Amino acid sequence: MLDLSVNIGAMRLKNPIMPASGTFSEDCAKLFDIDALGAHVTKTITRDIRGGNPTPRVCEVRGSMLNSIGIPSKGVDYFKTNVIPFYDQYQTPLVVSISAGSADEFAQICEEVSVPGVAAIEVNISCPNIEADGKAFAMRPSTTEAVMRKLRAATDLPLWAKLTPNTGETTEVAQAAESAGADALVVANTMLSMAIDIHTRKPKLGNLMGGLSGPALKPIALRMVYQCAKAVSIPVIGCGGIATVEDVVEYLIAGASAVQVGTATFISPTVMVRLISELEAFLRTEGLSSVSELIGSIRDEEASDGVFFAEAAE
Amino acid sequence: MTDMTLNPIFETICRVKSNEPINREYRLIVLDAPSHILKCEPGQFFHLLCPTKGDLRPYLRRPMSIYGFYPEAGELHFLYKIAGEGTAALSALEAGENLNVVGPLGHGFDIQDDWQKLMVVARGVGLATLAPLAQKAQQMGRKLTAICSARSPEVLMSIDHFKALGAEVITVTDSEGTSGVEALEQLIEAHIQAEGVDAFYTCGSNRLLTMLQTICARHGIPGQIALEQQMACGVGMCQCCVRSFRRKDKIIHERVCKEGPVFNLQEAMGC
Ligand SMILES: Cc1cc2nc3c(=O)[nH]c(=O)nc-3n(C[C@H](O)[C@H](O)[C@H](O)COP(=O)(O)OP(=O)(O)OC[C@H]3O[C@@H](n4cnc5c(N)ncnc54)[C@H](O)[C@@H]3O)c2cc1C
Ligand SMILES: Cc1cc2nc3c(=O)[nH]c(=O)nc-3n(C[C@H](O)[C@H](O)[C@H](O)COP(=O)(O)O)c2cc1C
Ligand code: FES
Numbered sequence: 001m002l003d004l005s006v007n008i009g010a011m012r013l014k015n016p017i018m019p020a021s022g023t024f025s026e027d028c029a030k031l032f033d034i035d036a037l038g039a040h041v042t043k044t045i046t047r048d049i050r051g052g053n054p055t056p057r058v059c060e061v062r063g064s065m066l067n068s069i070g071i072p073s074k075g076v077d078y079f080k081t082n083v084i085p086f087y088d089q090y091q092t093p094l095v096v097s098i099s100a101g102s103a104d105e106f107a108q109i110c111e112e113v114s115v116p117g118v119a120a121i122e123v124n125i126s127c128p129n130i131e132a133d134g135k136a137f138a139m140r141p142s143t144t145e146a147v148m149r150k151l152r153a154a155t156d157l158p159l160w161a162k163l164t165p166n167t168g169e170t171t172e173v174a175q176a177a178e179s180a181g182a183d184a185l186v187v188a189n190t191m192l193s194m195a196i197d198i199h200t201r202k203p204k205l206g207n208l209m210g211g212l213s214g215p216a217l218k219p220i221a222l223r224m225v226y227q228c229a230k231a232v233s234i235p236v237i238g239c240g241g242i243a244t245v246e247d248v249v250e251y252l253i254a255g256a257s258a259v260q261v262g263t264a265t266f267i268s269p270t271v272m273v274r275l276i277s278e279l280e281a282f283l284r285t286e287g288l289s290s291v292s293e294l295i296g297s298i299r300d301e302e303a304s305d306g307v308f309f310a311e312a313a314e
Numbered sequence: 001m002t003d004m005t006l007n008p009i010f011e012t013i014c015r016v017k018s019n020e021p022i023n024r025e026y027r028l029i030v031l032d033a034p035s036h037i038l039k040c041e042p043g044q045f046f047h048l049l050c051p052t053k054g055d056l057r058p059y060l061r062r063p064m065s066i067y068g069f070y071p072e073a074g075e076l077h078f079l080y081k082i083a084g085e086g087t088a089a090l091s092a093l094e095a096g097e098n099l100n101v102v103g104p105l106g107h108g109f110d111i112q113d114d115w116q117k118l119m120v121v122a123r124g125v126g127l128a129t130l131a132p133l134a135q136k137a138q139q140m141g142r143k144l145t146a147i148c149s150a151r152s153p154e155v156l157m158s159i160d161h162f163k164a165l166g167a168e169v170i171t172v173t174d175s176e177g178t179s180g181v182e183a184l185e186q187l188i189e190a191h192i193q194a195e196g197v198d199a200f201y202t203c204g205s206n207r208l209l210t211m212l213q214t215i216c217a218r219h220g221i222p223g224q225i226a227l228e229q230q231m232a233c234g235v236g237m238c239q240c241c242v243r244s245f246r247r248k249d250k251i252i253h254e255r256v257c258k259e260g261p262v263f264n265l266q267e268a269m270g271c
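Top to bottom, those sequences are chains W and L. Start counting the first sequence at 1; every next residue gets the next number (UniProt numbering). Start counting the second sequence at 1; every next residue gets the next number (UniProt numbering).
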């Protein structure tokens with residue numbers, strides 16, 4: 001019997017495949033049985049009702065994409081009356097992604113979404129903190145720690161901190177989140193990027209800059225997962241550029257306990273169900289009996305000094 | 001618009017039956033499609049995974065209106081114009097190759113019970129979007145008049161297609177000087193006076209939108225418009241395809257892929 005289940009802290013997921021925030025919605029239920037997934041992760045919401053950024057909100061770059069969707073939000077009330085009941089129909093645990101511009105507001109929404117039907121809260125601390133001159137909370141260990149402490153005090157639900165690649169202090173930020181009480185890390189969000197149309201000379205995104213996602217992000221997020229898994233003892237959930245079962249396995253080996261699939265769903269909306277069955281097939285052909293045998297199984301004994309060297313070079 | 005919330009969406013690999021130019025500007029691709037994906041409404045679209053062809057490597061899918069869907073023959077048709085990398089790659093597909101499609105997507109056109117006399121005003125590739133409406137109008141026994149506009153008579157499309165579906169067709173072109181806003185407005189006003197119009201249908205262009213909004217408001221005639229916006233997911237999850245609409249004195253945003261692509265003509269705003 002092959003065992004695809006994984007533990008994220010006290011939560012047991014039937015398999016390690018789940019969607020990334022912002023790339024999944026109730027609409028997916030029209031495409032496949034979403035109860036097949038390890039977890040459901042919703043698009044980030046904020047307390048206030050927000051419109052999001054000007055269009056164009058996406059553009060493609062070679063084999064990947066940039067987005068500047070922003071966080072259009074219908075607010076917490078809409079979420080509680082419409083979205084949570086929808087996911088209640090399913091067995092799969094619901095993970096709610098939240099964000100805010102200040103630590104206090106963050107704590108407030110965290111408390112507001114700590115309701116029955118929600119299994120865990122993913123905190124998108126990769127968005128700009130208005131109190132720290134617009135820098136995202138997760139760019140610095142100090143702002144990460146401060147916001148995570150407030151969030152920890154606001155809920156008893158598991159807290160997943162979503163980190164950003166836009167930092168030179170990956171391990172310190174990861175450790176700050178852990179020491180402030182995070183139950184898991186999601187690594188990572190998109191990387192700040194830009195694209196320009198050479199004929200019109202205009203930026204391709206209405207917001208000028210946006211986040212890189214898709215295969216081009218994978219080596220960066222994979223490196224961060226590896227660093228984080230070394231630096232903390234809470235589970236790390238890998239995210240960035242996953243499109244194939246080989247990508248999933250690579251993240252697990254690097255130390256991820258589970259993975260999130262984002263942009264690949266836009267290319268193939270049924271990709272996650274395929275990844276689950278391909279992961280099972282992979283275990284079988286490799287003669288493994290469980291996913292946990294892969295997690296953190298990287299053979300890096302000789303080269304481990306390199307990690308610290310690379311981090312110092314930033 | 002038509003409530004399709006309970007209808008499933010499919011990701012399907014279809015075989016290309018043919019993919020040929022139909023005039024200097026437009027091409028028709030015919031896919032071999034299973035009938036379960038062909039429960040479509042006029043105005044809906046599919047999201048196409050255009051192939052990698054040589055240097056052409058489109059990444060995201062490309063939205064394309066359903067030009068024709070034939071459950072009996074198991075065929076799905078798209079009429080398209082080469083606009084850039086994705087459509088260029090699409091045009092390089094040969095009979096026998098595969099194309100991955102996601103759909104049917106979005107909310108299509110409505111034909112309400114008391115809309116007996118329909119008028120379609122279409123330009124360019126917008127005809128592709130409006131053609132299935134003519135078929136539905138015919139099935140429902142409604143009278144349809146189509147004003148087809150193009151740059152020149154050579155690139156006028158689908159005239160025979162519309163005629164075969166029982167529509168009265170009026171053609172206007174830039175090269176003949178008959179497609180300008182004033183000329184069109186006179187033509188439409190004359191038609192309203194002579195025969196009456198219960199509902200208007202159009203696509204795309206800001207110019208047509210503004211003109212029809214004025215005419216419809218003047219006579220209190222309802223209208224629907226199919227709009228375009230860049231898309232990533234195509235099914236409603238990413239929020240990238242929003243456009244602005246005027247509703248009850250407020251400006252709101254809706255997703256072209258999910259709430260649209262067909263919207264209330266009076267609420268639509270140009271871009
Ligand atoms: C609902 C809908 C139905 C459509 N139906 C048809 C049709 O029946 N026939 C047809 O020829 N065209 C149709 N279009 C337009 C078609 O999607 C674009 O021409 C196509 O995406 C261009 O891709 P490209 O790579 O060739 O061009 P590029 O300009 O290289 O595309 C770059 C990016 O911009 C996007 N983009 C460019 N133009 C448009 C556009 N007008 N609308 C939306 N996204 C765009 C592309 O999808 C791609 O992501 C439709 C668009 C929408 C939204
Ligand atoms: C269109 C789009 C919208 C996104 N919205 C959110 C969001 O609301 N909250 C969030 O934490 N991450 C968001 N992300 C980031 C993804 O969750 C993910 O971290 C990132 O895309 C990297 O994974 P991928 O390469 O598999 O897409 C979004 C990504 C995309 C492409
Ligand atoms: S394209 Fe993703 S919501 Fe419309």
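Each hint should be verified, as a subset may be incorrect.
One side only, chain L facing chain W, incomplete, derived with CB under 8 Å [what the hints assert, rightly or not]:
hint, residue
1, P8
2, L49
3, V125
4, F245
Honestly, the hints are just simulated from the structure, not real lab data. Only a predicted model underlies this, so the values are computations on that prediction, with no experimental measurement involved. A virtual CB, placed ideally from N, CA and C, is assigned to each residue, including glycine.
Here is what the structure says about each hint:
no. : hint : result
1   : P8   : 5 Å, holds
2   : L49  : 7 Å, holds
3   : V125 : 20 Å, violated
4   : F245 : 13 Å, violated
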